[in-house]
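Student: Residue strings, one per chain:
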Amino acid sequence: MGPVINDFSIQVATVNGSGSQTANGILLRAIFQMGIPVSGKNLFPSNIAGLPTWFTIRVSRHGYLARRSASEILVVMNPETAAEDVAAIGPGGVIVVNDQIRTPPIPGDRFVYHVPMAKLLEPITTDVRLRKLVINMIYVGVLAELLGIAEDEVERALDAQLAKKPIALALNHRAVRAGWEWAKSNLEKRDPFRLERMDATARSILIEGNTAAALGAMFGGVTVVTWYPITPSSSLIESLGGFLEQHRRDPRTGEASYAMIQAEDEISGIGMVLGAGWAGARAMTSTSGPGISLMAEFAGYGYFAEIPAVIWDVQRIGPSTGLPTRTSQGDLAFVHGLSHGDTKHPVLLPASVADCYAFAMKAFDLAERLQTPVFVLSDLDLGMNVWMSEPFAYPEEPWDRGKVLGEEELAKLRKFERYRDVDGDGIPYRTLPGTKDAKGVYFTRGSGHDEAARYTERPADYVATMDRLARKLETARTLVPPPAIEQDESAEVGLIAFGSTRWAMIEARDQLRAAGIPTGYLLLKALPFTAHLAAFVGRHRRVYVVEQNRDGQMADLVRRELPGEAAKIRSITHYTGLPVDARSVTDAVLAMEGAPAQPPLAQGAAR
Amino acid sequence: MSDPTGARNRAGLTRADYDGAKTTLCPGCGHNAITGGIIQAAFEAGLEPSKVAKLSGIGCSSKTPAYFLGRSHGFNAVHGRMPSIATGVSVANRELLLIGVSGDGDTASIGLGQFCHLVRRNVPVVYIVENNGVYGLTKGQFSATADVGSTQKSGRVNELMPVDLCAIAIELGCGFVARSFSGDQKQLRPLLKAAFAHRGTAVLDVISPCVTFADHEGSTRSYAAVKEHDAPLHEIDFVPYFEDTSVDYEPGTTREVEMPDGSSIYLKKLAADYDPTSREHALRAIHEARAERKLITGLLYVEPDLPPFEQELNLVETPLAHLTLEQVRPPRRVLEEIMEELRTGRAPGGVS
Ligand SMILES: Cc1ncc(C[n+]2csc(CCOP(=O)(O)OP(=O)(O)O)c2C)c(N)n1
Ligand code: SF4
Ligand SMILES: [Mg+2]
Numbered sequence: 049m050g051p052v053i054n055d056f057s058i059q060v061a062t063v064n065g066s067g068s069q070t071a072n073g074i075l076l077r078a079i080f081q082m083g084i085p086v087s088g089k090n091l092f093p094s095n096i097a098g099l100p101t102w103f104t105i106r107v108s109r110h111g112y113l114a115r116r117s118a119s120e121i122l123v124v125m126n127p128e129t130a131a132e133d134v135a136a137i138g139p140g141g142v143i144v145v146n147d148q149i150r151t152p153p154i155p156g157d158r159f160v161y162h163v164p165m166a167k168l169l170e171p172i173t174t175d176v177r178l179r180k181l182v183i184n185m186i187y188v189g190v191l192a193e194l195l196g197i198a199e200d201e202v203e204r205a206l207d208a209q210l211a212k213k214p215i216a217l218a219l220n221h222r223a224v225r226a227g228w229e230w231a232k233s234n235l236e237k238r239d240p241f242r243l244e245r246m247d248a249t250a251r252s253i254l255i256e257g258n259t260a261a262a263l264g265a266m267f268g269g270v271t272v273v274t275w276y277p278i279t280p281s282s283s284l285i286e287s288l289g290g291f292l293e294q295h296r297r298d299p300r301t302g303e304a305s306y307a308m309i310q311a312e313d314e315i316s317g318i319g320m321v322l323g324a325g326w327a328g329a330r331a332m333t334s335t336s337g338p339g340i341s342l343m344a345e346f347a348g349y350g351y352f353a354e355i356p357a358v359i360w361d362v363q364r365i366g367p368s369t370g371l372p373t374r375t376s377q378g379d380l381a382f383v384h385g386l387s388h389g390d391t392k393h394p395v396l397l398p399a400s401v402a403d404c405y406a407f408a409m410k411a412f413d414l415a416e417r418l419q420t421p422v423f424v425l426s427d428l429d430l431g432m433n434v435w436m437s438e439p440f441a442y443p444e445e446p447w448d449r450g451k452v453l454g455e456e457e458l459a460k461l462r463k464f465e466r467y468r469d470v471d472g473d474g475i476p477y478r479t480l481p482g483t484k485d486a487k488g489v490y491f492t493r494g495s496g497h498d499e500a501a502r503y504t505e506r507p508a509d510y511v512a513t514m515d516r517l518a519r520k521l522e523t524a525r526t527l528v529p530p531p532a533i534e535q536d537e538s539a540e541v542g543l544i545a546f547g548s549t550r551w552a553m554i555e556a557r558d559q560l561r562a563a564g565i566p567t568g569y570l571l572l573k574a575l576p577f578t579a580h581l582a583a584f585v586g587r588h589r590r591v592y593v594v595e596q597n598r599d600g601q602m603a604d605l606v607r608r609e610l611p612g613e614a615a616k617i618r619s620i621t622h623y624t625g626l627p628v629d630a631r632s633v634t635d636a637v638l639a640m641e642g643a644p645a646q647p648p649l650a651q652g653a654a655r
Numbered sequence: 066m067s068d069p070t071g072a073r074n075r076a077g078l079t080r081a082d083y084d085g086a087k088t089t090l091c092p093g094c095g096h097n098a099i100t101g102g103i104i105q106a107a108f109e110a111g112l113e114p115s116k117v118a119k120l121s122g123i124g125c126s127s128k129t130p131a132y133f134l135g136r137s138h139g140f141n142a143v144h145g146r147m148p149s150i151a152t153g154v155s156v157a158n159r160e161l162l163l164i165g166v167s168g169d170g171d172t173a174s175i176g177l178g179q180f181c182h183l184v185r186r187n188v189p190v191v192y193i194v195e196n197n198g199v200y201g202l203t204k205g206q207f208s209a210t211a212d213v214g215s216t217q218k219s220g221r222v223n224e225l226m227p228v229d230l231c232a233i234a235i236e237l238g239c240g241f242v243a244r245s246f247s248g249d250q251k252q253l254r255p256l257l258k259a260a261f262a263h264r265g266t267a268v269l270d271v272i273s274p275c276v277t278f279a280d281h282e283g284s285t286r287s288y289a290a291v292k293e294h295d296a297p298l299h300e301i302d303f304v305p306y307f308e309d310t311s312v313d314y315e316p317g318t319t320r321e322v323e324m325p326d327g328s329s330i331y332l333k334k335l336a337a338d339y340d341p342t343s344r345e346h347a348l349r350a351i352h353e354a355r356a357e358r359k360l361i362t363g364l365l366y367v368e369p370d371l372p373p374f375e376q377e378l379n380l381v382e383t384p385l386a387h388l389t390l391e392q393v394r395p396p397r398r399v400l401e402e403i404m405e406e407l408r409t410g411r412a413p414g415g416v417s
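First to last, the protein sequences are chains A and B. Residue 124 in the numbering used here is what sits at position 76 of the first sequence, and the numbering runs on without skipping anything. Residue 198 in the numbering used here is what sits at position 133 of the second sequence, and the numbering runs on without skipping anything.
Treat the hints loosely; a few may be bogus.
[What the hints assert, rightly or not] No more than 30 Å apart at the CA atoms, straight line, and that leaves these computed lysine-lysine pairs for DSBU-like: (1) 116/B / 484/A; (2) 487/A / 116/B; (3) 116/B / 451/A; (4) 87/B / 487/A; (5) 232/A / 213/A; (6) 484/A / 87/B.
Rather than coming from a laboratory, the hints here were simulated on the basis of the structure.
Could you put together the complete structure from these sequences and hints?
Tutor: Here it is as structure tokens:
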């Protein structure tokens, strides 16, 4: 068997709270520094310490960053799951085992390396607590030697991560070195997996989607941030808090050009955002599904009263206990129509960390231009995992504060009516509290108001408001980010996806092309749909909408948007809680292309 | 409701300038009297209408911001959630004076959580609860402030302990807590003016009879019952900083509370001594009054110097809503440095 270079996955099976995060981060970054495209996925439980956790590092010379469903290399650090973990490694795979962990007998066609981790630690520290943390560095050293990770890159990654903690740094250095030297003199490399330097990451950055969103929010000029802690959204706010603290406080006076408020719940979180937006601040909140549920009433209020607000939903799986730390795209339909009554919200769909950054800014512009709550739908995979990306560009455009009348503009008007569609785009003008000119004053309430914001229950007034709000959503179509489209003139098959599903799609399209099925591709970036959708669907005979929820929510929305084309639309869904992998998508398309009559039932269930 | 004399206050406005739309509440509703009190107090205090924002939840009471200060922006929110709106407005524009109106259902039931947290944060809002012991707008169900033994029109008796919003506010560190009665304008007006001058949450729990659902015999919030049990703690006078009235009281009869803006509250002793600067004293008085079925009214607790929320957040002087792009978008260099950190792995500014 020839060497396998820069194209495999490593899985580290451990328990949470054991300090393996640092070790895995260092592995990932060292490989990245070798110029090799790499991605990391942390599969973690909703727990602070002691439950099984897996970290997968994928290296791909092709630049694929999606999760793969199988790994070639396993590091066994958790006795609880050892049997299961070992069983998942196929013939030809590599298993690195902490020699104190017992595994079931492993077939001879796997490459097994037993490492005396505890013994190697003995000379390094006598502190039991430290040993538990530092033991992870032993496998970093062993893998580095086995796979050929350049020594200086590991050192550099370690230095970068632990520069501020010199004692920990020295300890970790020694542990890595112990693993390394032991592997060098005791292991006979028999497996084919190797890393070799490439030049594919030189300018890139490594960042989590939530950090990217935080950066975007800061450079977008956010001034009011509210939240209630919830995974996987908290890290967005926490990193935003860090950035704001550093860059938006006067170093002399300590005065802040922002307010960050930990609310008592998500109802209050969105209420504060609406109050702040009404008063003219750039306000946002971030949450996940359970918080979105609590925001329903206020979301509708914001829609009817026409108040800008930005709400991030970093999606996770369903309610309450179970799989709250697993990823999903299951909130799409709920968020789009959130609230009672006839409501419809613009929803931005970032597919990459770069989108998270850009859309965090764009969402403010849209919310203020459209005077309505704008949702940004990220997910756990995008938000909490580390992604490679081009560096982000500084915003060259000024911000768009929308149709806000200042004193001077107001003075020129004979009269002001808050809800009048002056420009025909469905978007009225607003004034802010504090406005001196008394004709700018208005009273804000929910559904019952006429053009001048006077109370009314007249049917004609209500219908006029509703029709204008519908017009406003038509305007939104021309303002939201357009989809990314890749055409293939020879393709009969079109693929549609959104959000983090994108990464599996890139790879699945290559697999399909290799299988003789060229595809056109439309990556949706927002709701409401833009005109591109109809054109794209029109060009293809069969269109597969791929998404990470059970019922094909986006497929439904596409069918509803294009009823005449509904027969063409097929749904591929993945809903295991793990990020979708390319093979699942490819196999589903192949199966349906082979037997077009078969409905794609429960595609994700088996995986 | 205009003042026939057409007198002008220091803002150059007449009393009529503080009117709002015509009320649509039941004639005789206590809430209307409170509306009148707010108009008069705002006029006397010389409030600048453009510097005021009116906020409310949902209920008959929460409708009233439409009926006063027609020259101020208003926000009639959703049920029980006015405090969060107020918090957002307040941090977005610290120059505004917020007048929030709520009901006992709005505040003591669905909105109890938000109310408590507003008080904890000391968000500057004049928070008026128009308290009638029932849900007026949904037709007379008991609210959580109904007294034990009070009856509904149907004769049903409330057996549950009432929520005392003043006691809760004091417990949570509120710096201005008053109880009053819609029928006692002489007391309500100076309390409102003092509340306008207070920078922090000012809670005014104003007993406000619902003539349609709670004015019958057996209701402890009927006009008759309230008049019978009302036990004012003191006579109140408020002298704003811009009036240089010298107030002469006989020594030992009156207590003066100075506000940070230079205004003064004068509390003239009625019966027993009452110390409005002692939390323990106030809570004890509330408990004793309940046991004696007395309705004590007046300034229950005051601590004018507590730091308001914007100070807690250390906000810049300029309202956040007025900051320019240059003030809120860090320069290019900052992004470049962060990108470099993310490229090399040196810890970025954010918490990792
Ligand atoms: C979420 C929600 N639940 C229920 C209602 C119905 N509702 C409207 S007003 C009200 C009670 C109002 O009582 P209170 O605050 O005491 O005001 P009052 O009418 O007595 O002045 C209720 C329950 C609502 N508007 N919203
Ligand atoms: S129902 Fe009661 S609370 Fe409502 S307006 Fe009438 S009297 Fe006032
Ligand atoms: Mg009531």
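Student: With reference to the structure, classify each hint as holding or not holding.
Tutor: Each hint tested on the structure:
A distance of roughly 8 Å separates the Cα atoms of residue 116/B and residue 484/A; the hinted pair therefore holds under the 30 Å criterion. A threshold of 30 Å between alpha carbons decides the hint, and for residue 487/A with residue 116/B the separation of about 14 Å falls inside it, so the pair holds. For the hint pairing residue 116/B with residue 451/A, the CA-to-CA distance comes to about 21 Å; that is within 30 Å, so the pair holds. Taking the CA atoms of residue 87/B and residue 487/A, the gap is about 18 Å. The hint holds against a cut of 30 Å.
Between residue 232/A and residue 213/A the CA atoms are separated by roughly 28 Å; this keeps the pair inside 30 Å, and the hint holds. Restraint check for residue 484/A and residue 87/B: satisfied, since their Cα atoms lie roughly 23 Å apart, inside the 30 Å limit.
Every hint from the earlier list agrees with this structure, and none is contradicted.
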